[in-house]
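Residue numbers (the working numbering), protein chains in the order written: chain X, 1 to 585; chain H, 1 to 168.
It is worth saying that the hints were derived from the structure and are not from the lab.
We put the beta carbon where it would ideally sit given N, CA and C, even for glycine.
Misleading hints may appear alongside valid ones.
[Claimed, not checked] Some chain H residues well away from chain X (every beta-carbon gap over 12 Å; in silico):
#1 S13
#2 D41
#3 W123
#4 K146
[What the hints assert, rightly or not] Stretch by stretch, here's where chain H covers chain X in the computed footprint (C-beta under 8 Å, at least three residues):
#5 168-176
#6 188-201
#7 261-269
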Amino acid sequence: MSLADARVKSDPANQTTSEWQRLRSLLLGAEQASLHALAAKVGNRDNLARSVASVLAEATAIRAGQDDGITRVLAPIINDGLQQSVRGNPQPVVDALYPIMGPAIRRSIAEALADMMQAFNHAVEQSLSPRALKWRIDAWRTGQPYAQVVLLNTLVYRVEQVFLIHRETGLLLGHAQAEHAVVQDPDMVSGMLTAIRDFVGDSFHVSQEDGVEAIRLGGLSVQVRVGPKAILAAVVRGNASESLRARLSETLERIHHSHAVALSRFDGDMAPFANVARDLEPCLLAQARERRRSPWRAYVGIALVVAGSAWWLIERHESAAEWSAILTQLEHEPGFVVVETGRDGAHIVRGMRDPLARDPRNVIGAERARAYEIVWDLKPYLSMEPPLVLARARLLLKPPDGVTLRLAGSTLRASGIAPEAWLREARRRAPLIAGIVTFDDGAVDVKNREALNRARQTLTEATLYFEPASDAVSDSQLAKLDTVVPSLIVLRDAAEAAQMAYSVDIVGRADAPGSSEFNLRLSQSRAEAVRRYLLAHGAPAKLLHARGIGAIDAVGPQANEADDGQRRVNFEVIAASAEAADPAP
Amino acid sequence: MIHLKLCMVGAFSVGKSSLVQRYVQSMFSEKYHTTVGVKIDKKDIALGATPVRLLIWDLAGEDHFSALRPTFMRGAAGYLLVADGTRAHTLDAALDLNRQIEASQGPLPFALVLNKEDLIDQWEITPPRIEMLERRGVKLLRGSAKSGAGVQAMFEHFASHSLKERAS
Numbered sequence: 001m002s003l004a005d006a007r008v009k010s011d012p013a014n015q016t017t018s019e020w021q022r023l024r025s026l027l028l029g030a031e032q033a034s035l036h037a038l039a040a041k042v043g044n045r046d047n048l049a050r051s052v053a054s055v056l057a058e059a060t061a062i063r064a065g066q067d068d069g070i071t072r073v074l075a076p077i078i079n080d081g082l083q084q085s086v087r088g089n090p091q092p093v094v095d096a097l098y099p100i101m102g103p104a105i106r107r108s109i110a111e112a113l114a115d116m117m118q119a120f121n122h123a124v125e126q127s128l129s130p131r132a133l134k135w136r137i138d139a140w141r142t143g144q145p146y147a148q149v150v151l152l153n154t155l156v157y158r159v160e161q162v163f164l165i166h167r168e169t170g171l172l173l174g175h176a177q178a179e180h181a182v183v184q185d186p187d188m189v190s191g192m193l194t195a196i197r198d199f200v201g202d203s204f205h206v207s208q209e210d211g212v213e214a215i216r217l218g219g220l221s222v223q224v225r226v227g228p229k230a231i232l233a234a235v236v237r238g239n240a241s242e243s244l245r246a247r248l249s250e251t252l253e254r255i256h257h258s259h260a261v262a263l264s265r266f267d268g269d270m271a272p273f274a275n276v277a278r279d280l281e282p283c284l285l286a287q288a289r290e291r292r293r294s295p296w297r298a299y300v301g302i303a304l305v306v307a308g309s310a311w312w313l314i315e316r317h318e319s320a321a322e323w324s325a326i327l328t329q330l331e332h333e334p335g336f337v338v339v340e341t342g343r344d345g346a347h348i349v350r351g352m353r354d355p356l357a358r359d360p361r362n363v364i365g366a367e368r369a370r371a372y373e374i375v376w377d378l379k380p381y382l383s384m385e386p387p388l389v390l391a392r393a394r395l396l397l398k399p400p401d402g403v404t405l406r407l408a409g410s411t412l413r414a415s416g417i418a419p420e421a422w423l424r425e426a427r428r429r430a431p432l433i434a435g436i437v438t439f440d441d442g443a444v445d446v447k448n449r450e451a452l453n454r455a456r457q458t459l460t461e462a463t464l465y466f467e468p469a470s471d472a473v474s475d476s477q478l479a480k481l482d483t484v485v486p487s488l489i490v491l492r493d494a495a496e497a498a499q500m501a502y503s504v505d506i507v508g509r510a511d512a513p514g515s516s517e518f519n520l521r522l523s524q525s526r527a528e529a530v531r532r533y534l535l536a537h538g539a540p541a542k543l544l545h546a547r548g549i550g551a552i553d554a555v556g557p558q559a560n561e562a563d564d565g566q567r568r569v570n571f572e573v574i575a576a577s578a579e580a581a582d583p584a585p
Numbered sequence: 001m002i003h004l005k006l007c008m009v010g011a012f013s014v015g016k017s018s019l020v021q022r023y024v025q026s027m028f029s030e031k032y033h034t035t036v037g038v039k040i041d042k043k044d045i046a047l048g049a050t051p052v053r054l055l056i057w058d059l060a061g062e063d064h065f066s067a068l069r070p071t072f073m074r075g076a077a078g079y080l081l082v083a084d085g086t087r088a089h090t091l092d093a094a095l096d097l098n099r100q101i102e103a104s105q106g107p108l109p110f111a112l113v114l115n116k117e118d119l120i121d122q123w124e125i126t127p128p129r130i131e132m133l134e135r136r137g138v139k140l141l142r143g144s145a146k147s148g149a150g151v152q153a154m155f156e157h158f159a160s161h162s163l164k165e166r167a168s
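So that you can see chain H by itself, here it is in the shape it has in the complex (with noise of 0.2 Å):
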């Protein structure tokens, strides 16, 4: 069995913890976040004849003032950068936030995961804008925490990355 870290990260409200919510069964609750600054949760997956065991470390929602803390980021096989579509500075801040997490821990896989799909047409984050960040080679994945659209996905997608990340 393969164990891996995949760190969730983005600013306050996007989302993060719903998402796992939605993909696991929790064993801690959600004050971890505001005592420790990170929740984890466990999610056992086989890709292909490979079981894999995610421990998802989600990290406290962080604004554009707040410093990462990048003890929590240590040895994670990569991260979930998540944004919420309807405010387009919380992909300002992801983006800050991954610049953030390069300094301090060297380049790592990771997804842009634009949030709160079911309200696409709230999103304040543009298809341009989208497009471009595309183009620069960031992954893209979209999902709804409310709907569950897309959530298996994203974390399935992200270990199979890591996956393929390691054997390279």
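Chain X extracted, bound-state conformation (with noise of 0.2 Å):
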């Protein structure tokens, strides 16, 4: 027996006490144990920690199978976690997404550059046009490469080199360069690129982030696109366009991502980088120079807007020069009195007009009458002048073609041929037109005028000598006859052309033996005979009057003498005019 075993037994409280403790850790001895872990588990912190942490994934997947009750808990907590990380440093955060954002930001950016090399060899090929010769002059001139001056004239821009360069050390990792282009050493180029970067860097203390972007000199610019391990630089020469920056972006953003691993380990050691320059070489764009296009939609415009300028003025102008025009040519036309003209929306014309004056919408032309809606107030008037007065004579004397009319002062001149009849009637009513003093027709021929005159007188001269007391024709008298039926006929026809009436009267006569009574009838006898004659040899019936008139002629001492010149017939020509003589033909 042990020495505490003694205690115990010489202490009965004691003993009593321990010997529960040994009934108890007898009966549950091994539920004890676990419930003293379990205390220990619980009770302590770290055991506790570590044992959430066994079980904490595996929880966090449980709840979040059965609601969102984790992810409302964590939204908040990663948001101000997030933004207490940028708030530090926000660079890791940046270099994270500087591979994935760029790519995603611009992919639906399109490109499309003309291929540099075409546009090279079409200037070239142009090299005998005058364009072609100037720039050679120009090249001459400036001391630079023919080739060189043609580029710069058919390109925007071209990218002669691109540099990737360690930011970190300015070693080149890269480089690549367009054909032709002049190249100085890449390696010592790209170190003092980064120098210069550096040196505004520190000199206007901008952070290497916002550092330098562009390096512009002349015509040529080095476009610098800045990424976490790296620099992008492109020599161009000419205008960058916004598609070449976005590319040379993209560029350093692939090679982030493709070298991620060899940037971030970069020592000195070339070896990864060795075909880095076939990712560069995308980036060697070059833009032809568009054709300059004329902006001819502004030159149309511009050339519209002035013909429409000038149009209305020329109108406005043309318009009031027309309407003084139309009132000059009114004013100088003969039978007109323009008295006053006014507007009153349609142009209003005042004054006089000879009934006989041309219409006024002839004067100015239909057109411009229409266009012009004029409104006419004439009142008529009796013009005396010339044409006016003319044109009164010719519409009451009417004269027949072949007449003209003309006026001297006031003396109206008939010229030409004209019916007898006609003028007659024209010497009658001339003067009393307005404006008429004299009628001069010395110069008018009357038709027909000798025919007429001739069978006039044949017939005047015609006469037929009769036996006393009979009224019987002799055969010796009979031939005279004959020259007269011709004359007759010629008389009719001639008085038809002249527009005269004549008459022909065939007048018989007796001497004065014999009571007069007789001697009248013997007379009429010896003119109807002679009458009958004729019309049996085709004289004109119509034109033929018989008329015995006795022994008028018998006067004087010896009248009642037989007398052999008074038995005759006679031929007496009547002439009137047509419409007096015979108003119905």
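Both chains come to you apart, so use the hints to assemble them.
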């Protein structure tokens, strides 16, 4: 027995407790041990954390499958954490996002650039054009190579070199150059470029991210894109386009992505970047200069405006000029007196017009009359102006074809060939016409005057003699009638042509012996005998009137004696105007 | 090929550029020093089987009072501190620059170059001082830009040292 047991035995109270203990441990020994272990786990902070940690992921997964409680709890925490992280040091977040952000943004930017070499060849092909000659002169003048001048003139821009530079060391990681580009040692240029960027950054206190983005010198620029580990610099001749800048950024992002490890562990070993130049080559862009398109739309627009204004001005001016021309025309037109003109919406012309004057619409032209919608307020009057007087004479005298009327002062002169009847009427009427004082027909030849005169003469000269107290026409006398018939026909035709009415009286006479009654009858018989004969021989009946007048010529001392000369038949030609003589021919 | 950025730092007119000039055919003119403050040259060498391209950033000479441009030092594989043996204060300036560089860039491989070895009899920098520096672990190289002595060695030393640093 141990010392402790002996002490227990010696103290009865203690002995009871320890016995209980023993009993408890005998009965609940295993449970007690696990209770202790549990208490140690829960009670100790470290142990508890370790226990929870072992099931945290599984518990999270189970809860996440049940509801979005965890998400709701974590969201604000992550937000705050991210904000704090960015505020503290944005670089890791920027670095993480950099390779994916740019491409995502720019993927939609379309790139279409003209093929540089094609433009170049085109320019060289055209080396005999006047433009090319000018370039050659420029090249000679400036001392630049001709190809360079051509490039400068045919390209908007051309990327001549691309440098991929390690940002930290300024060491050149990759380099690509365009064909024919003049290139200095890229390693040293790369270093100097970095130095210049550093220099500017130091001098003007700008951060590396905001540092030099472009260096420009005349027609040359260096476009710089800065990534977390590397810098992309493009030497551009001309004006870099937005698409080039996008291409540079995109390329830099791609290289950061594809060479992420090599870039972050770079120690001067160039092996991982052996092929990086291939990634740079797509940046060697060139954009051909578009033929300068004339801004024809603007030109056409301006031309239209100018033409419109000019047209309006001319129109206005022409309109005013035309109106005054119209009035002048009217004032100069015979038979018009313009008293007043005005505008009351429409144009109004007040004045006088001879009824024989031309229609005013014809004077100014029907087109213009319609265009101006002129209201005419014209009172009639008699114009003494020669054209109107002449017109009036023509209207009233109705000169036949072949007769011309002219006015000389107040004398109306007629010329030409006129029927005698018209001439007679004209002589009567002309002086009655307003504006005409005298009628001069000296230049008018009566139509068929000669034929008429000859016929008349023949007729008036023809005399047929008779035996005493006889009305028989002797053969010797009949012979005379042979010339009478044709003369009658001529007279008839000429009379018709001259619009004259002629009648031929066959006048029979007798000598004194015998009663006057007998003589009258005898003379009538003699006339009718001749008429009968003439009618029988084709003379126009209408013309002939037989009339006996007895012995009215038997006057004087031997009046009662027989007289051979008195026993005769004569022809008397009587002329009268057509209307007067025969109203209905 | 391994590319290494090497910086040349030192006080004004200690002969940094002359040393570089001795070593490389330069593309840029001296005026870069006064404008940008740095001139960059290149030298391809072979260290054993390894081709190495040295990009030598020749930083404009600094005096005691003008601050070093730390950004030019960024990413350098190492640097050469150049001092003019005939002018003791250029060593002080070089060591001061060294402190500035260590403060801004952290420890980088470097070597102290004492130029103008051809004028060794006029040196102000005393042998005891040189010994002291060597005891402190500073790698000391001597050369003469004028005669060309030790120039190639100093650049190649730097290159091989840098390569060893990279390997370790």
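Are all C-beta atoms of chain X more than 12 Å from that of H/S13? holds, 21 Å
Status of H/K146, Cβ more than 12 Å from any chain X Cβ: holds, 25 Å
Does the claim that H/W123 lies outside the interface with chain X hold up, using a Cβ gap greater than 12 Å? Given a closest Cβ separation of 33 Å, the condition holds.
Hey, does H/D41 actually stay past 12 Å from chain X on C-beta? violated, 7 Å
Quick check: the region 168-176 of chain X, covered by chain H? Criterion 3+ residues, Cβ under 8 Å. This one holds; 5 residues, not fewer than the three required, reach chain H with a Cβ under 8 Å.
Three residues minimum, CB to CB under 8 Å: does the region 188-201 of chain X make the cut for coverage by chain H? Let me know. n = 8 at 8 Å, threshold three: holds.
Closer than 8 Å Cβ to Cβ for three or more residues is the test here. Does the region 261-269 of chain X pass it with chain H? holds (count 3)
Violation of the numbered hints given earlier is confined to hint 2; every other hint is satisfied by the structure.
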